[in-house]
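Given next are the chains, with one letter for each unit.
Number of protein chains: 2
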Amino acid sequence: MPGFAPSLETLIDKLASLPSIGRKSAQRLAFHFMSMSDDEVTSFKEAIDNARNNVKKCIVCCNFSDDDVCPICRSKERNRSTICVVEDPRDVMAFERTHEYSGLYHVLHGVISPMNDVNPEDICIKELISRLSGDEVTEVIMATNPTVEGEATAMYISKLIKPLGVKVSRLAYGVPVGADLEYADEFTLIRAMEGRKDI
Amino acid sequence: MPGFAPSLETLIDKLASLPSIGRKSAQRLAFHFMSMSDDEVTSFKEAIDNARNNVKKCIVCCNFSDDDVCPICRSKERNRSTICVVEDPRDVMAFERTHEYSGLYHVLHGVISPMNDVNPEDICIKELISRLSGDEVTEVIMATNPTVEGEATAMYISKLIKPLGVKVSRLAYGVPVGADLEYADEFTLIRAMEGRKDI
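Chains as they are written, first to last, in numbering that gives the first Met the number 0: chain U, 0 to 198; chain H, 0 to 198.
Careful, some of the hints might be misleading.
DSBU-like mimics (lysine-lysine), calculated; alpha carbons at most 30 Å apart, straight line [what the hints assert, rightly or not]:
1. Lys23(H) - Lys44(U)
2. Lys75(H) - Lys125(H)
3. Lys44(U) - Lys55(H)
4. Lys196(H) - Lys166(H)
5. Lys44(U) - Lys56(U)
6. Lys56(H) - Lys44(U)
7. Lys125(H) - Lys23(H)
8. Lys166(H) - Lys56(H)
9. Lys55(H) - Lys44(H)
10. Lys56(U) - Lys158(U)
11. Lys23(U) - Lys56(H)
12. Lys55(U) - Lys161(H)
13. Lys44(H) - Lys23(U)
14. Lys196(H) - Lys75(H)
15. Lys23(U) - Lys23(H)
16. Lys196(U) - Lys166(U)
17. Lys196(H) - Lys56(H)
18. Lys55(H) - Lys23(H)
19. Lys55(U) - Lys75(H)
20. Lys166(U) - Lys56(U)
21. Lys44(H) - Lys56(U)
22. Lys23(U) - Lys55(H)
23. Lys125(H) - Lys55(H)
24. Lys55(H) - Lys56(U)
25. Lys196(H) - Lys44(U)
Negatives, chain U to chain H, calculated, CB over 12 Å [as the list claims (entries may be wrong)]:
26. Leu7
27. Ile11
28. Leu17
29. Ala46
30. Ala50
31. Lys55
32. Asn118
33. Asn144
34. Ala178
Hints listed in this document are in silico derivations from the structure and should not be mistaken for laboratory results. Ideal placement from N, C-alpha and C gives every residue a C-beta, glycine not left out.
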């Protein structure tokens, strides 16, 4: 069966290999790239290059930033006694969207995962420990994902932190707000029962 | 609320403006672009450039092709007496996937749409008419989309073709195979009734 033109097929294949893009979307995108003006394509490619070249890790919290120190770490309005430790910069965004948390963050950029050859020294743990040397930080909230690896990473880090006299806490487990109990998995229900509170 | 790094935000905005990519996918893609190797990014950008530079319209059928004449128009195994007229190169792929149609194609690259300032001379109609000058083609199948504009374009072209003594047909309307009648719209059901056949 003759397909599309080979160089169009190559572009479709490249697009389909990106995360969250299926074959149909890849086709639509490829046709879109074909119909874009030269300026639009140039500005698209520049956006990729700029992000890759300008974005670095904040030297304090390791979150992505265009500056050496990110806006959150620079802010005078944040509560500097609490650090929320997350796996990924997107998790910072998720917490910021709540407009409730006013402390600082630390981005690990991954979780410890011997299966995938990710060891403690491969993620930003030492940068976190070095932030705890003064008296400023009194609590570290472990907000890694509630997965086996996220859990193990939280445990590993909490063992490093506790000797420093800093309180370590973990996000509460339970049923998500607005969820239907019927569809909750058994582990979540067990944790929700264990964590029940008087009302 | 401090967001991502500005150059990362710019990339996310660019990605989110592409068709079929929402905000969440744009974030995932932007992070993916950040984590790609330089070689991967270069080859991605080259794929866009190659598709844009190498792909042209087949001088016969106007389908996208890396060569002057596309593989289908060049093929000795196709039935050269029938031309299936479609709006878009993706429609050619849809018919090819059926493995049933062995004739040729003609890609209009759009439909006549006065509302969007698309006139008959803006789509590949004259290229189609010029293919009908010999005796080779005996039937033209109008396979534009079953929309108001697709319909009007099919009518317009059929009026141009009929004086040339070439048979013009239109795809059958009816209920899609495997669909649930309950969810079929009334226009489709009316057409399906009108087009009913003895069994």
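Against the structure, the hints come out as follows:
no. : hint                  : in the structure
1   : Lys23(H) - Lys44(U)   : holds (20 Å)
2   : Lys75(H) - Lys125(H)  : holds (25 Å)
3   : Lys44(U) - Lys55(H)   : holds (22 Å)
4   : Lys196(H) - Lys166(H) : holds (22 Å)
5   : Lys44(U) - Lys56(U)   : holds (22 Å)
6   : Lys56(H) - Lys44(U)   : holds (25 Å)
7   : Lys125(H) - Lys23(H)  : violated (44 Å)
8   : Lys166(H) - Lys56(H)  : holds (26 Å)
9   : Lys55(H) - Lys44(H)   : holds (19 Å)
10  : Lys56(U) - Lys158(U)  : holds (25 Å)
11  : Lys23(U) - Lys56(H)   : holds (22 Å)
12  : Lys55(U) - Lys161(H)  : violated (65 Å)
13  : Lys44(H) - Lys23(U)   : holds (20 Å)
14  : Lys196(H) - Lys75(H)  : violated (35 Å)
15  : Lys23(U) - Lys23(H)   : holds (18 Å)
16  : Lys196(U) - Lys166(U) : holds (22 Å)
17  : Lys196(H) - Lys56(H)  : violated (39 Å)
18  : Lys55(H) - Lys23(H)   : violated (34 Å)
19  : Lys55(U) - Lys75(H)   : violated (57 Å)
20  : Lys166(U) - Lys56(U)  : holds (26 Å)
21  : Lys44(H) - Lys56(U)   : holds (25 Å)
22  : Lys23(U) - Lys55(H)   : holds (21 Å)
23  : Lys125(H) - Lys55(H)  : holds (17 Å)
24  : Lys55(H) - Lys56(U)   : violated (43 Å)
25  : Lys196(H) - Lys44(U)  : violated (55 Å)
26  : Leu7                  : violated (5 Å)
27  : Ile11                 : violated (9 Å)
28  : Leu17                 : violated (6 Å)
29  : Ala46                 : violated (4 Å)
30  : Ala50                 : violated (4 Å)
31  : Lys55                 : violated (8 Å)
32  : Asn118                : holds (18 Å)
33  : Asn144                : holds (15 Å)
34  : Ala178                : holds (19 Å)
Comparing the model with each numbered hint stated earlier shows that hints 7, 12, 14, 17, 18, 19, 24, 25, 26, 27, 28, 29, 30 and 31 do not hold.
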